[in-house]
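**Q** Chain by chain, the residues run as shown.
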Amino acid sequence: MTWVLGNLDLIWELLLQHLYFALPPIVIGLVLAIPLGWVANRSPVLRSTLLNISGLLYTIPSLALFVLLPPLLGTGILNPANVIVALTIYTVALLVRTVADGLSAVPPIVVNSATAMGYTPFRRFVGVELPMAVPVILAGLRVASVSAISLVTVGAVIGFGGLGKMFTDAFQRDIPAETIAGIVLVLLLAIVLDGLILLAGRALTPWTRVGPSAGRAA
Amino acid sequence: MIEFRGVTKRYPDGTVAVDDLDLTIDAGNITVFVGPSGCGKTTSLRMINRMIEPTGGSIVVDGRDIMAGDAAELRRGIGYVIQQAGLFPHRTILDNIATVPLLLGWSKAKARKRAAELMETVGLAPEMAKRYPTQLSGGQQQRVGVARALAADPPILLMDEPFSAVDPVVRENLQEELLRLQGELGKTIVFVTHDIDEAVKLGDKVAVMRVGGRLAQFDEPGQLLARPVDDFVDNFVGRDRGYRGLGFRSSAALTLGDLRTVALGEAVPADTGWVLVVDAERRPQGWLNAAESAPGAEVTHEHLVPGGSLYDASSGSLRSALDAALSSPSGVGVAVDKNGEVAGSVSADDVLRVLDDARRDETAA
Chain P
0 MTWVLGNLDL
10 IWELLLQHLY
20 FALPPIVIGL
30 VLAIPLGWVA
40 NRSPVLRSTL
50 LNISGLLYTI
60 PSLALFVLLP
70 PLLGTGILNP
80 ANVIVALTIY
90 TVALLVRTVA
100 DGLSAVPPIV
110 VNSATAMGYT
120 PFRRFVGVEL
130 PMAVPVILAG
140 LRVASVSAIS
150 LVTVGAVIGF
160 GGLGKMFTDA
170 FQRDIPAETI
180 AGIVLVLLLA
190 IVLDGLILLA
200 GRALTPWTRV
210 GPSAGRAA
Chain L
0 MIEFRGVTKR
10 YPDGTVAVDD
20 LDLTIDAGNI
30 TVFVGPSGCG
40 KTTSLRMINR
50 MIEPTGGSIV
60 VDGRDIMAGD
70 AAELRRGIGY
80 VIQQAGLFPH
90 RTILDNIATV
100 PLLLGWSKAK
110 ARKRAAELME
120 TVGLAPEMAK
130 RYPTQLSGGQ
140 QQRVGVARAL
150 AADPPILLMD
160 EPFSAVDPVV
170 RENLQEELLR
180 LQGELGKTIV
190 FVTHDIDEAV
200 KLGDKVAVMR
210 VGGRLAQFDE
220 PGQLLARPVD
230 DFVDNFVGRD
240 RGYRGLGFRS
250 SAALTLGDLR
260 TVALGEAVPA
270 DTGWVLVVDA
280 ERRPQGWLNA
290 AESAPGAEVT
300 HEHLVPGGSL
310 YDASSGSLRS
320 ALDAALSSPS
330 GVGVAVDKNG
340 EVAGSVSADD
350 VLRVLDDARR
360 DETAA
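Protein chains in written order, with numbering that gives the first Met the number 0: chain P, 0 to 217; chain L, 0 to 364.
Calculated directly from the structure, the hints in this document are not laboratory data. There's no promise every hint is true.
To be verified - Here are some chain P residues the structure puts well away from chain L; computed CB gaps all over 10 Å:
#, residue
1, V3
2, E12
3, R41
4, V109
5, T114
6, M116
7, Y118
8, V127
9, V145
10, G160
11, F166
12, I174
13, P175
14, L188
15, W206
What the hints assert, rightly or not - If you want the footprint, here are the derived chain L segments under chain P, 3+ residues with CB under 8 Å:
#, region
16, 130-137
17, 206-220
Note that the Cβ used here is the ideal one computed from N, Cα and C, for glycine as well.
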């Protein structure tokens, strides 16, 4: 506790850094996964191809990806872009399946009735299919965001900032309190972000919380 | 007017869903496609708004080939009511109904105002506006489906087995409502059903289709019941068609007989036999069997034997006249005028005599 109180400035800086690494991949990953999920939902062949590729990408160890990316991207080894690109890849890998599942769960009768009302395919996707897939997509986004928060800490091993730096520093200088504080902060960050997504989901999907019998007249 | 000109739908695997269909659907009428499953009735309907595209022939709506323009644009001009309503679960009732106006580029305020009007038209309480489809019963959802199809006031309404998923009582309500609405709106309605009773009840004209997508008979319902063209139609039209056919025969030639009545509160007449009990406005309340009641006693509700169906002499058919006679405990049918007041009596013999005369005239003509 004494250590924490004596290093509040440092902790705050690391926390902001952590968010700087974690948030862009979550947002960019979601934006990329939506069209990819739409493509995956076009045909069984496209679906299995895209899902296999994303499954493979997710199995690449994060440390290896941090090291592999600089030569591929032409960036320096400590360029923050490396972490952001790597985490975006993981987020997309997780979310493509989720988006495809969410879209395929939209009842065909609803899609048909939208078509028959005169929706063009694009407007139907934006106005009907995507909104109806939101509950499934947000469930996946919660997993992806917690995963991103956690993976940022690995970056500290090769010298990136973020809360992971508290672990490397604590190890080198033998400060157990710093390790514990780091774990608690990462957990808190993940819980807060998860809660925010949950709240956003509730605001976006009021229709999922009405019971089939609520307010029903005979 | 919708014209099918040699329309064929053949799938890549060789199945023919609709085979060389020629049919002209009159504007302002209800035309029903009916037939067993696999007869191509739904395919034929869905070809009108290009949910399914024909592989041969053409469909012409008011002189314009439907394949000429953009499919989405065509569909916005044709109302569509789907089985089980097919509402959007993520939108409120009001926004579901406002769908097509919004697609047409109306302002949100104008579209919602129109949607609120339509809720009233189809008999939905205003407080349903903010609810979601899962909060409504099947019958209410179907009303929303009809309102949504009518929102942009399209001249044509396609209805694809719209009432098949609701229970019989609700279905009958919805059918009555549709006929009432059609009386006000005069749309060109194409209605698909597998239920011949629904077809003859709703249709101004009925197209009976047979498996393999061929038209078997296209006629007015009364003609269909009276003169099926072949065994297939005869079988499909089914049992009781003689009786049901009476529903399409006018009862104008029927003369009403006298009917002895007694008002509630009056004394039980001192004779035997059945007497009709009426209220102060001369509306039928039930029957009194004078033989089983003490003469002179005051007629009360306790004396009443429930009556049968009533025959509305101002607009009824021979079927309702005959049913009134057959269902009455006294054997005498009660005819009422359009205010519900007793107009006279009708017997089964009278109905059969009128039917005989009508048939003789038809044979002579």
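**Q** Hint by hint, say whether it matches the structure.
**A** Structure-based check of all given hints:
no., hint, result
1, V3, "45 Å, holds"
2, E12, "42 Å, holds"
3, R41, "19 Å, holds"
4, V109, "6 Å, violated"
5, T114, "7 Å, violated"
6, M116, "5 Å, violated"
7, Y118, "7 Å, violated"
8, V127, "6 Å, violated"
9, V145, "26 Å, holds"
10, G160, "41 Å, holds"
11, F166, "43 Å, holds"
12, I174, "51 Å, holds"
13, P175, "50 Å, holds"
14, L188, "31 Å, holds"
15, W206, "5 Å, violated"
16, 130-137, "holds (count 6)"
17, 206-220, "violated (count 0)"
In summary, the structure is inconsistent with hints 4, 5, 6, 7, 8, 15, 17 from the numbered list given earlier, while agreeing with the others.
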